[in-house]
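**Q** The listed protein sequences derive, respectively, from chains L and S. Note that this note's numbering has the first sequence beginning at 11, numbered continuously upward. Note that this note's numbering has the second sequence beginning at 160, numbered continuously upward.
DEER-style ranges, computed between Cβ atoms:
(1) I273(S) x K474(L): 33 to 43 Å
(2) W196(S) x I481(L): 22 to 32 Å
(3) I273(S) x L142(L): 43 to 53 Å
Over 10 Å on every C-beta distance to chain S, these chain L residues come out as not near it, computed from the model:
(4) D36
(5) F38
(6) Y59
(7) V64
(8) M135
(9) L142
(10) I191
(11) L198
(12) G206
(13) F240
(14) H262
(15) F310
(16) G507
These are calculated hints, taken from the structure and not from any lab test. Quantities reported herein were computed from a predicted structural model and do not represent experimental measurements. Idealized CB from N, CA, C, for every residue including glycine.
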Amino acid sequence: MTSAQLQEVEHIPNHAESSSERHWRDYFGFSTDHKVIGLQYLVTSFVFYCIGGVMADLVRTELRTPDVDFVTPEVYNSLFTLHATIMIFLWIVPAGAGFANYLVPLMIGARDMAFPRLNAVAFWMIPPAGLLLISSLVVGDAPDAGWTSYPPLSLVTGEVGEAIWIISLLLLGTSSILGAINFLVTILKMRVPSMGIYQMPLFCWAMLSTSALILISTPVLAGALILLAFDLIAGTSFFNPTGGGDPVVYQHMFWFYSHPAVYIMILPFFGAISEIIPVHSRKPIFGYKAIAYSSLIISFLGLIVWAHHMFTSGIPGWLRMFFMITTMIIAVPTGIKIFSWLATMWGGKIRLNSPMLFAIGFVGTFVIGGISGVMLAAVPFDIHVHDTYFVVAHLHYVLFGGSVLGIFSAIYHWFPKMTGRKMNEFWGKVHFVLTIIGLNMTFLPMHKLGMMGMNRRIAQYDPKFTTLNEICTYGSYILAVSTLPFIINAIWSWLYGEKAGNNPWQGLTLEWQTTSPPAIENFDKLPVLSSGPYDYGMGKQANTETVLGETYPQIESSTV
Amino acid sequence: MDSFAISLVNPFKSAVKIPSSIWTLLIGIVLTLICLWYGQNHGLLPTAASDEANFVDGLFNAMITVSLGIFLLVESVLIYSAFRYRRQAGDHEDGPHIEGNVPLEILWTIIPTIIVIGISVYSFEVYNEIGGFSVHGGHEMPMAHKPMEMKGAAMAATMLADIPTSNNDAPNTEVTPQTAEKPSELIVNVAALQYAWIFTYPDTEVSSGELHVPIGQELKLNLTASDVIHAFWVPEFRLKQDVIPGRETTLRFTPRKAGSYTVICAELCGPYHGVMRTQVIVESQADFDKWIQEQLVASTENLHQAVALNSTHLS
Chain L
11 MTSAQLQEVE
21 HIPNHAESSS
31 ERHWRDYFGF
41 STDHKVIGLQ
51 YLVTSFVFYC
61 IGGVMADLVR
71 TELRTPDVDF
81 VTPEVYNSLF
91 TLHATIMIFL
101 WIVPAGAGFA
111 NYLVPLMIGA
121 RDMAFPRLNA
131 VAFWMIPPAG
141 LLLISSLVVG
151 DAPDAGWTSY
161 PPLSLVTGEV
171 GEAIWIISLL
181 LLGTSSILGA
191 INFLVTILKM
201 RVPSMGIYQM
211 PLFCWAMLST
221 SALILISTPV
231 LAGALILLAF
241 DLIAGTSFFN
251 PTGGGDPVVY
261 QHMFWFYSHP
271 AVYIMILPFF
281 GAISEIIPVH
291 SRKPIFGYKA
301 IAYSSLIISF
311 LGLIVWAHHM
321 FTSGIPGWLR
331 MFFMITTMII
341 AVPTGIKIFS
351 WLATMWGGKI
361 RLNSPMLFAI
371 GFVGTFVIGG
381 ISGVMLAAVP
391 FDIHVHDTYF
401 VVAHLHYVLF
411 GGSVLGIFSA
421 IYHWFPKMTG
431 RKMNEFWGKV
441 HFVLTIIGLN
451 MTFLPMHKLG
461 MMGMNRRIAQ
471 YDPKFTTLNE
481 ICTYGSYILA
491 VSTLPFIINA
501 IWSWLYGEKA
511 GNNPWQGLTL
521 EWQTTSPPAI
531 ENFDKLPVLS
541 SGPYDYGMGK
551 QANTETVLGE
561 TYPQIESSTV
Chain S
160 MDSFAISLVN
170 PFKSAVKIPS
180 SIWTLLIGIV
190 LTLICLWYGQ
200 NHGLLPTAAS
210 DEANFVDGLF
220 NAMITVSLGI
230 FLLVESVLIY
240 SAFRYRRQAG
250 DHEDGPHIEG
260 NVPLEILWTI
270 IPTIIVIGIS
280 VYSFEVYNEI
290 GGFSVHGGHE
300 MPMAHKPMEM
310 KGAAMAATML
320 ADIPTSNNDA
330 PNTEVTPQTA
340 EKPSELIVNV
350 AALQYAWIFT
360 YPDTEVSSGE
370 LHVPIGQELK
380 LNLTASDVIH
390 AFWVPEFRLK
400 QDVIPGRETT
410 LRFTPRKAGS
420 YTVICAELCG
430 PYHGVMRTQV
440 IVESQADFDK
450 WIQEQLVAST
460 ENLHQAVALN
470 STHLS
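If we strip away everything but chain S, and leave its shape as in the complex, we get (with noise of 0.2 Å):
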């Protein structure tokens, strides 16, 4: 104890009397600027590049300032009482019996209470902007079992709206780049296995072990693994769903930022598990259609590519 002293002079009692309101107050404010300066200006999120992203991004900007208050509060209270309220050496009283107060505990039970409604209230609309309980295009394609849907981009129609988007409630329809312009979603079929993804074009048979998606484009995949549990993850669209043998499972979103990012397998799924990567490559439509037209003119190949880019991963 005594060999741990500090002795501290403490710089409230001291200090010039300025009443304590003000000084809650000043403290106050001070600590909301923070962690509203803090909230826009974190860095802790890589680029965004689904308009998804931007909704879920949104969402934990609002939650780290909230947090950031918080835990500012209660680490400011708890090293300030340490200080302020440590033991004078010989003082071997005890301190005030106060056994509670109603009021404030009614308060810290409500305050929270607020809180995680308000939080919980904002992830359910942005969950239902990123397409979570979008019931359209839920049934297709039942392997074993039925479908489980992580549906992405509900917000499709609003995107595009110069395209009339029945299609959406029309499961499976032929939509190809070469008949429709715009078409509102583009289907890739992705099969995950130990230590590989294949993204497979069902309208052009063209397979390749990355992907390619052209900018703006409403894209679903269905995804089914063949062995064990994937999870199909790129952070710079903020989406995951995992892929599991068995079943399928889709994913819908609208890459929105050309550029080239990481798809990582995000599910423990044997000692390789670290390089199960691919690139998911967002262009433009004319060099997306580029890249297929070179695709095709190879595409038998292209499977054995796929498989033989990964086992140069594995060594």
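Looking at chain L on its own, in the form it has when it is part of the complex (with noise of 0.2 Å):
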């Protein structure tokens, strides 16, 4: 990290690793290799993104009915503020970084990240703040404040639930940190000599919109924890009513970071469907430069419409219009990218394969949280459903429609280059239809239960509610199932699955230059970019072989 040294030099290894086959016991050690790293990340929150599952569906199943009658009340607050922090900081956020880490140096042509050491420390930041988080169960004070843990609320309910939650996420916090500096450094300074900032594949700008959202907004956060845990071990009162502390302080601090966490969650998928859509359409993306800022702007205007939540906390009135205006101007470059993709695929030749109808499907139900999203923006309707189903349906269209949909997406369609293996199209599409069924059937209901009075985190609801809840408890069993197609599928086909060869997609994308899955150095010599990244139907055939020039540069990081 001190002394890059800039040298040419015949190939050397710059890895800790210097054996050149890869040994399984990596992928359970301290590997600095970016390709082990990306994939631990992507393993590990699969693993969480089932515990959380496992958790939305024993909400689900308490909401069947309107009376408590499953869990205790108590347990089910611990459910569903474990379900949307495992949701939000152990699955989508980790998997963003798992893609990123996997792909980026692959797409830009670089060997690795540009602090391997410190990738490292990041991801291994993630297993024990989970196995912390969820070991609250055990000690049977779980934290039940909700994922927003609002004082004085999260100081009256159990301590060490509390405590635990904050060092928890202190540490996921911590860990995104470090991920977004390596991501920035690693894409400004890591391309290829002959790749410009144009020649970029559009992931690539969505992380790097994405790291500086997180290097911006993260440490806010971990601010507004470090007060609470003050106010809640030492007896403090930054945000404690009692002493004269105020709460809606943290409720400003926590969602200056926790508004763009949502943009965190989904740029990353932008990234990939941009790379998806085109390779499968055959057609180059339309508007690249206006997708590639888009992505900026949203990091922007990210940061300042977080009072958005705040709506009916007793904000001055010129303040929420302000907040409306920005949060109703994200609509303009997310609809630019929304146009641009369906662009993409006009008058394309579509393969229709699994990574596709995810694709599709993305396109198709991120759309209606994205509207939903300008509906809350407008004041006076946020007032009516704020805290309501309707905000909880929105957030999943974004989340689970948006970014896990994204997550399938990028998994059918990278796992060749990851493992050098297809995945089963038939199961993949099985996959796909439960999902869009069970999704939509979870969700869409939703909306209606919030505006017609049903508020969220309840346990228990008035009983004219209860036909709804029903069609979402039985759809979000649909999506439970719809898990198993998926890990059967991935599990077997890495196994035993049909040989992928280096590109089977035709992508014209550095990662699908090399092999697959790629050598530990990624590539034996720099690579030179004989097209840009989307130049379909130019009459380049994509070559499966490496275009090669000189030897790498060598970088030496001598600290990190």
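Join these two chains into a complex; the hints should help.
**A** Now the structure itself:
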């Protein structure tokens, strides 16, 4: 990190592991290879997805009937608190980091991330943080103040559980910050010399925007959590009104991170979809620069919309109008992306395989979350539906219909690169159909529930909402079942799947120009771009052989 | 891939030669009509029981109309493309090399911008109508902090035109149902605690676990919490205000439709958050006065009753 020397040398491996073969044990150890770390992120976060999913189904089972009859109200509150915390901080955010780890160095022709050891440290903070969080269930004092953990409620429920929640989130936040520094430096400094910023794949643009957002906003969350911990453990009164503290200040600090967190969770998958749609539509991405800059604009605007979560907290009227307008404007760059993806598909030669189906599903369901987001931005309507199931529906259309479908699309798309084998198409389609049915059954009725008067975070509700809640609950069971074909397919294909070859989708970005799975050093020699990342339809058949140029300039990073 | 193959005959290729512009126009008209119809008939909102609710519903109807249009447009282009431009078996060519279209991109930047500006302006108007910006009566009774205002019903002046409304500028004016025939606003102090609501009418010192309000009477709620954050929400009024310990928040509105509606706590306040509910009864002035009189008889017991009522919910 301190002495980055640039010198021309012969091919010298710059990894800690100099053996040319990958050992399975590498995946369980402190490897500094970005590809190993990427898979570690993805597998770990998927395990947490399953745990968070079980919690979601327990919550939905409780909500199948209006009365409290499945778990106690205390356990219910812990379940939805842990469900949200796990899904956000241990599934979607690290899954994005996982893809970025695996793909960014390959896409820009680098041999690894800028700071490989820092990268490994960032990953290895996640499993202990996650285990700590889940251990709160064993301790018998799980956090139960919601994932927002508003004081004073969070200060008067279980102290141990709340402390565990804070420590876990501080660890996860630190991991996220370390990852973001790494992505930023890697993307800006480690591209092959022939790759200008506008030859960079859009996934890298998305990660650039995401990383900037993480670096600016996550420290504020850490600040809020540390002050909350003082209130909780040392009895200070930063947010505690009994000592003159102000609970609304916590809300400002919390949402200063947690609204950008939504973009931290969706931007990487905007990037992934921008890669997947052109490859399977066999057409260049429509409006490259518009998509690239819309990521940056979303990232900037994402920083100045946080108080739209607080329209009922009693903030002044003019401030509500300011946050309403900034929130509304985010719809414009988001719309640009959606229309550009549609235009990319239009007139193409679309392969309707699993990655493309999930990408189409992503566009089709994310748009619902985007539209309900604009509605929620309108202050008078938000005052009615704030803290209701309408918001629950909205956020799940964005995070499930958006991020999670994006993750699945990306897994089907890059699985051949990561493992050298293709996933089974039939079971991929079964997974897709079940997911789309389950997702809409679970979350669509919630819009109506919220508007009709069902508030969120309740274990018991008005019996007039029973029918819609039953539909939601059965939908959530379909979602649970939909994961099974995916898990079996992924494991089976990893072991016995059809060999994919280096470039099964005839992609033009650099990650497809090396072997599958890539060699430990990614590229033998410095790749030279022979085409832009999306130059489909120019008569250039995707070459499966790497275009090789000079050897890599050797960069020694001595400290990190 | 092949296992999923559906041999789809493209209806557009085999159709009689009608120019595509006419098809586009017809589809556009049909979609617009569907959106306009749905915007008025969505049935997604409960009864509108306050003056404010009608404004909010107007905004929502406009938004759902536009939203449905955008939704149908995106989904139909998406699904149409997926079928129409499917790769034919054996075709290994790429699609056309089209990198963009600047006029089209400008168009789909400007149109959404206009839409969101339109919604913003409409929201601004509605917010003004329901009293979001009214400045009068805003700074009374600070507790630990300046009170945060969510003022309702600035249109009280027009609704009650026969009454001088000057007392809006004099906060805390003692207006009692006894002294004024139609006071411009009825003040109710609302205390929220885990897991109950207590409504106190300062003029008569009546306390109750239920909120009774006369029809057409502008209401001002002063909300305080003693433990954690709660939120006062009546879906039929379309109004919600957080109740925050350490400060007083206010909410103004004018109930317009007789009936009994549920007051819901909308902010997570603990394990029994879901049962923190009570009723608001909107009734005629005569019924309201009668109720107040009844309460006055046993007003000292009402507080206990309110708490007792709630503890039965808990079991």
